[in-house]
Amino acid sequence: MKRNPQRLAALASLALAATLGFSACGSDDDNGGGGGDGGSDAIVFLPKNLGNPYFDASTTGGERAADEFGGSIEEVGPDEPTAELQVPFIDTAAQQGVGALVVSANDPSALCDSLNQARDAGVKVVTFDSDVEADCRDLFVSQADAAGIAKAQVDLIAEQIDGNGEVAILSAAANATNQNEWIALMEEELAANYPDIELVDTVYGDDDDQKSFDQTEALLSQYPDLEGIISPTTVGISAAARYLSESDAKGEVALTGLGTPNQMREYVENGTVEAFALWNPEELGYLAAYTAHALASGEIEGDEGDTFEAGDLGEYTVGADGVVLLGEPYVFDKSNINDFDF
Amino acid sequence: MTSLLAPEHREPTRSYPSYSRPLVLRLLATREFAVVALLVGVFLYATANVEFFDGPLTLYFLFRDLAPVLLIALPMTLIIVTGEIDLSVASVMGLSAVVMALLHFEAGWSIPAAAAVAVVVGTICGAVNGFLVAYVGLPSLAVTIGTLALFRGIAVGLTGTTQYTGFPQEWRDLALDRISEGSRFPLVLVPITVLAVLFLVLLHFTTFGRGVFEIGLNDEAARFTGVDVERTKFVLFVFAGAVAAMAGIYFALVYNSARGNTGEGTELKVIAAVLLGGVSIFGGRGALPGVIAGALLIGVLSSALRLESVEDNQINIIIGGLLILSVISGSVLGALRGRLRLPGRAAPPPPGPPGGPGTEAPPGA
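Chains as they are written, first to last, in the UniProt record's numbering: chain R, 1 to 342; chain C, 1 to 365.
Careful: at least some of the hints might be erroneous.
Said to hold, decoys possible - Each computed EDC-like pair below joins lysine to aspartate or glutamate, with the alpha-carbon atoms no more than 20 Å apart:
hint, chain 1, residue 1, chain 2, residue 2
1, R, K250, R, D209
2, R, K334, R, D312
3, C, K269, R, E80
4, R, K211, R, E246
5, C, K269, R, D225
6, R, K151, R, E198
Read the hints as simulated data drawn from the structure, not as lab findings. Computed from a predicted model, the values in this text were never measured in an experiment.
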């Protein structure tokens with residue numbers, strides 16, 4: 001093959017054409033910092049994924065808050081709940097220099113770089129529902145603390161069985177950290193305040209519907225005097241409710257725990273379940289929006305002990321590790337369950 | 001090969017640049033240049049009209065997110081020019097990311113050692129594809145749909161539902177760094193540029209690259225002109241596997257996450273970029289600069305639209321529409337040229353005497 005000078009020229013020209021885009025890219029430097037004119041009232045909500053009724057409710061709460069303090073909420077998010085898919089939305093918020101970003105993280109550490117980059121660009125980062133590592137966000141709006149969750153469920157079961165009798169716990173996996181923490185706190189709570197209630201057994205349904213169903217059946221046959229069941233997992237409580245509603249024990253054995261209104265509506269309406277607990281995602285979004293607004297407007301710095309007003313939820317104080325606690329779990333019963341859709 | 005074609009005959013149809021035309025025409029009157037022009041146009045428009053697009057973070061994010069697509073598009077271009085396709089690249093990305101994560105977190109290997117093994121695994125994946133396509137003679141579409149599921153299945157099987165995060169910061173920094181302090185260009189552009197130049201030279205300026213085009217036009221004819229069709233295809237699939245593995249490692253480090261579904265869907269973005277860049281899906285025509293411009297065009301468009309708060313689904317509709325337009329415009333232009341007998345690059349063979357072997361018209365181009 002002989003060397004063709006035209007060919008070399010063609011190569012050079014092609015390379016030139018290819019770099020045209022690049023050189024155009026570099027032409028406009030110095031466009032100032034990222035702290036743009038998105039304005040401190042622009043708040044972006046980034047849930048784990050869109051089309052999830054739980055997060056639809058939290059965004060509704062955020063919008064209600066924004067109406068009250070005169071800001072604007074934009075909801076963005078991926079279709080699938082994975083951390084990688086959340087990254088471009090965080091990046092976009094950083095580029096736009098919005099006032100604050102309210103995130104429910106799909107992973108505690110994978111989002112850290114992006115979130116910190118956004119913070120460097122002047123965006124305040126508030127996590128809610130699902131936190132990231134504490135040094136990657138300004139504040140975390142927590143739906144409930146472990147002690148509050150444990151106490152609410154113990155109080156509910158005690159009320160339903162008149163503070164007297166045998167109860168059992170239907171948990172998720174035997175090594176689930178949060179479940180075991182709650183169970184330990186429930187035992188303390190029972191021992192301290194309800195001496196007449198005996199915790200006879202803790203069984204594990206592994207958050208599997210069929211297994212939870214079978215475990216409920218086993219509990220009832222093994223403990224004929226059982227008065228109540230606490231199931232601090234949404235899968236467990238709905239499986240147990242399904243079993244009870246079809247058995248003779250319906251209305252005889254009380255059931256409570258953590259559930260979602262859509263799963264439990266049927267059983268509350270047919271009398272199997274009197275009341276159960278969870279947090280209210282709408283209030284969570286409402287508080288998260290107020291928290292973001294307080295940070296973005298400079299009302300608070302996010303230090304421990306800072307206080308701010310959150311509309312009709314009242315005054316909140318920033319706790320240790322930058323956590324703002326929503327409050328006691330919310331109790332759902334016949335009177336209010338139809339107000340919720342998640 | 002050119003010596004086989006009698007110079008006194010009319011120039012036979014060829015897909016690679018016909019050197020009989022003047023340089024300016026060869027450079028400007030091409031689909032590749034149209035894509036480059038569109039890219040520059042969209043970029044300038046976005047810079048002027050899209051708020052925050054000219055901000056300091058835009059280009060950094062754009063290149064950082066586009067890097068896997070840019071990387072894999074290089075070998076994919078050569079594969080598609082031969083008339084084959086590799087749909088398994090995203091699964092190779094996932095598998096290599098998972099292999100690196102397992103070796104690092106479970107077996108305690110250092111990142112470079114684990115990454116090297118991951119690249120070897122990717123290369124083996126590519127060799128499996130290449131062997132089945134080139135030597136067994138199976139259609140690449142069927143083979144790589146199979147290995148798409150197979151490699152993904154292995155990746156998911158190895159990790160279960162576990163997600164590996166917490167890669168060492170010094171290696172993550174390497175993936176996230178900028179070329180220089182405060183620059184808008186991430187460091188990953190350096191290896192991408194090096195690879196792009198290598199593949200550009202390989203495709204457009206070597207006999208191997210000539211063979212790639214010949215195979216795409218007519219592999220029987222290519223065989224008769226002395227191209228080792230099997231070896232060429234095999235090597236290309238091996239390249240694709242190795243490069244996809246590198247992209248997987250990069251992806252894991254950048255997003256600090258490796259699990260079974262890492263990279264899912266990337267193959268479609270890559271193929272979209274290649275086709276948008278003017279490569280014919282039937283093989284035989286295309287140029288690497290066009291593909292790079294096609295990938296950048298998708299990146300710039302997504303970035304600008306996202307800044308305008310256009311939803312991802314709508315962005316996909318716009319890019320999908322653009323892709324179909326580009327494929328249609330290729331066919332329409334080809335048909336028009338044929339009808340008008342314009343001396344275009346993709347004109348059908350003139351009704352004169354046959355020019356020799358390898359003169360079949362590129363199908364559909």
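Each hint, compared with the structure:
1. A threshold of 20 Å between alpha carbons decides the hint, and for K250 of chain R with D209 of chain R the separation of about 19 Å falls inside it, so the pair holds.
2. Straight-line distance between C-alpha atoms of K334 of chain R and D312 of chain R comes to about 24 Å, which puts the hinted pair past the 20 Å bound.
3. Our distance criterion of 20 Å between C-alpha atoms is met by K269 of chain C and E80 of chain R, whose separation comes to about 18 Å.
4. Of the pairs offered as hints, the one joining K211 of chain R and E246 of chain R holds, with about 16 Å between alpha carbons and a cut-off of 20 Å not exceeded.
5. Restraint check for K269 of chain C and D225 of chain R: the C-alpha separation of about 62 Å exceeds 20 Å, so the hint is violated.
6. A hinted pair counts as satisfied when its Cα atoms are at most 20 Å apart, and K151 of chain R with E198 of chain R qualifies at roughly 16 Å.
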